[in-house]
Amino acid sequence: MSSQTDMPTLQRCSAPKFLLWLSFWVLLLLWGAYGAFLCLYKGLNQTGMNNYFVFGVWITVDLAIIALGAGAFFSGFLFYVLRFNFLKELIGAAVVVGFICYSGAIGMLTIDIGQPLRGYFSFWHANVHSMLTEVIFCITLYLFVLTIEFVPLITENRRIREMPFLRHLGENLHGIMVVFALVGTFLSFFHQGSLGGMFGTLFARPFSYRTGVAIWPWTFFLFILSAIAAGPALTTLVVWATQKITRRRLVNRPTLSRLAKLSAILLVIYLVLKAADTIYWANFTAPEMGFRFTDFYKSPYGMWLLFGEFYLFGLVPAIILLIPRARDNDFWLVIGCLFTCMGIVLNRFSFTIQTLAVPVMPFEKFVVYSPTWQEWSIVAAVISYGVILFSLAYRYLHLFPREAELNG
Amino acid sequence: MSTESPQQSVRYGMVIDLDKCTGCGNCAVACHMENNVPFRTDESDKSRNMAWLRIYKVKNGAEYPHARVAYIPRPCMQCDRHTPCVSVCPASATNYDKSTGLVDQINTRCIGCRYCMAACPYMVRCFNWWDPAWPADAEKYLNPDVAPRMRGVVEKCTFCSHRYIQAKNRARQEGRNYLEKGDYIPACVEACPVEAMHFGDLNDPEYEVAHLIKSPRAFRLLERLHTEPKVYYLSSHEWVRRWADNDAVNTQSAYSQQRQGVES
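Residue numbers (UniProt numbering), protein chains in the order written: chain S, 1 to 408; chain Z, 1 to 264.
If you are wondering where the hints come from, they were derived from the structure by calculation, not from laboratory data.
No experiment lies behind these values; they were computed from the predicted model shown.
Here are the simulated lysine-lysine pairs, DSSO-like style, with alpha carbons at most 30 Å apart:
id : chain 1 : residue 1 : chain 2 : residue 2
1  : Z       : Lys57     : S       : Lys298
2  : S       : Lys244    : S       : Lys88
3  : Z       : Lys20     : Z       : Lys214
4  : Z       : Lys140    : Z       : Lys46
5  : S       : Lys365    : Z       : Lys46
6  : Z       : Lys46     : S       : Lys298
7  : Z       : Lys98     : Z       : Lys168
8  : Z       : Lys57     : Z       : Lys46
9  : S       : Lys17     : S       : Lys244
10 : Z       : Lys181    : Z       : Lys98
11 : S       : Lys42     : Z       : Lys46
12 : S       : Lys261    : S       : Lys244
13 : Z       : Lys57     : S       : Lys365
14 : Z       : Lys20     : S       : Lys365
15 : Z       : Lys140    : S       : Lys42
16 : S       : Lys365    : Z       : Lys59
17 : Z       : Lys59     : S       : Lys298
Working from the sequences, and respecting the hints, build out all of it.
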């Protein structure tokens, strides 16, 4: 996000090497494109979803990548509004990761709905009582904000800077970026929360229903907190992986440690509140609806999910990243951040899949869902799209302002 | 869009007497025919088939001579309080009519997000996983008053709301601005050979349903979720009533009761 006028020349790998790297991901992307074509042309009968599992792996991944993409808004908020200046080294990368996550999620959602051409109906015939309406509005608007935040990065490309209009556009946008950081924070706060609210308000689904404050169930706040804990963890992982793959120093090592520490502190706060929420739900909310805590956990969606979410992918990474010596060590830093991200994926999986697996009707049975290759191919395509876009951004844009200095 | 406990004058509801129901399936067939509900050549995958009215067969789990069976026809419950599917639909494609209490689906507005299906605890809603297709001869028998739904949208029982519109039109032609008893009856109720299904205005004492819902045999599915269904059931069997409410905590678990073969 630098506004320097003289951009340093950065060393990049040869074009054939870069194309070889891209070719693998392009193949995956094409596989996903074929899967998407089948789903759009033949319909959602190509998936493993059914009238029980109306949400599948796509919604799980959507929720997960939107949470993991929170690194963009949260880093922006910390850097532009709270003036956490150490984030300047990677704010550009955080914005690109956020853009990838949100655009990927919206692309996947488009395939997921049965009538993609009617997608605009949720704006045209918006139901203000629906949490999903809020989610759709906020993620769409936030993608616009992310695009605006992305533009100054693109206009820093040496070729593009030769065009005065684009150069000035980028510099002017950069000057008012604090406004977009605030707008992005506001929008993200609400859609992260509303994604939790989408499940927390399902008062006829005892597994996900939560009490709360006014119209907001506790999941509203827990989803926000978990997203801002996991978002920086993904940013840390992406920057670390980019350094390893490119064999270049992109940020100061302590910057990654500080970001990981921030993630761990937020994760601890989240885990405490999540534990309180779970205890109250298990002892009061669910029994009032005629369910015992143990009714919700049947094979294969057993108690291991809760254990994994709380301990292996919750408490363990939080402790690792809170220990200075551990987070200063690359191995433990990666394990800590990776586990934090996996914990969030597991949490979103539980709210999406397990909510639907638990029978509410007494005459129904516990059901199991398994995605088809078409569903996996589209998930792979979104990941490929992310890798390709980030690779292009790294190669052609100036994502890391201190790269030249650190590799001098 | 608000559906909070309306005090409207008309609240159409249904009462199904499980002591009378033989599980013949006539109601489900009539529903299919009346509403042009599509079917596939292979209907063995019940997790993806279309059924606006599904009949559940439940057993008390006891051995002979105590074994008991009940059939529970399950149309849309037409929930009255903060109707789960209505409040979640992002495109306002599910409608709660305050003047009748009917929960209807605007199929041409549905975007197919299926959030309503996740919200509904009664598994009432079906998604059109395939394009609807009927054998050539069967197309001649489609009901011209109900538009078939396309692939990618959600559909559900509407209490044959098109019949309500027809009844209103007929009444208007006859110079009435009200419906008389019997003017509007859903196809399933009309088709029941043992008169186990009753339909009418739950607020109007002229209708039998208004009295039946006060019967000590009356209960509703999953009452503790407080969705306030307008479909009531009648059963003289305690195990059926208890089972219908997932009464697993405050009383002995319905499932364990089934295993132990308790017949109340």
